[in-house]
Amino acid sequence: SAELKADREVVLAAVQQDEGALLYASAELKADREVVLAAVQQRGYMLCYASAELKADREVVLAAVQRNGYALEHASAELKADREVVLAAVQQHGGALRHASAQLQADREVVLAAVHHYGVALYYASAELKADRDFVLAAVQRNGGALEHASTELKADREVVLAAVQQYGYALDHASAELQADREVVL
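The sequence shown begins at 128 in the numbering used here and counts up by one.
With beta-carbon atoms standing in for the labels, derived distance ranges:
id, residue 1, residue 2, range
1, Y151, E286, 53 to 63 Å
2, E205, D145, 27 to 37 Å
3, A208, E161, 22 to 32 Å
Hints in this document: simulated from the structure, not taken from any laboratory.
Note that beta-carbon positions come from the ideal geometry of N, C-alpha and C, so glycine has one too.
The task is simple: from the sequences and hints, build the whole structure.
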């Protein structure tokens, strides 16, 4: 009932039992910091039901992305550009890099942290980083699968491909045709 959906005590107890209950809370309670924190601390993605004000609350968003990096999608633009928040998100799931600001998608440390946990995250990195030999070498040493999203030139770079293949054998699928036929690389 509308009355129960607006009853703070009932909703707080409900989200502590099942964080999904936040979906049914009144708009007023979706703006209640304690209620939303209780929900996102259990399941970060519940941030999607929070009020716009709480999506811009650094503590609430940090709690959410530490549980589910993809909750970054629902954070305010300002927090998507907050280095600490984005680092926490990509350390929980590298794919959260997708929702980071363009500036942080070009940040070496942030992108390396994302790639470490999820090689495919290189896809969301800036074009400059995807073409930066030293950066891509470091990335494929952490996660060979990152080779898939390196620049074409680096997919043909023997040292980069060797490092990727040593870390993850299937990275060979993303090397240039010439290096896929290279006996030393294949073995």
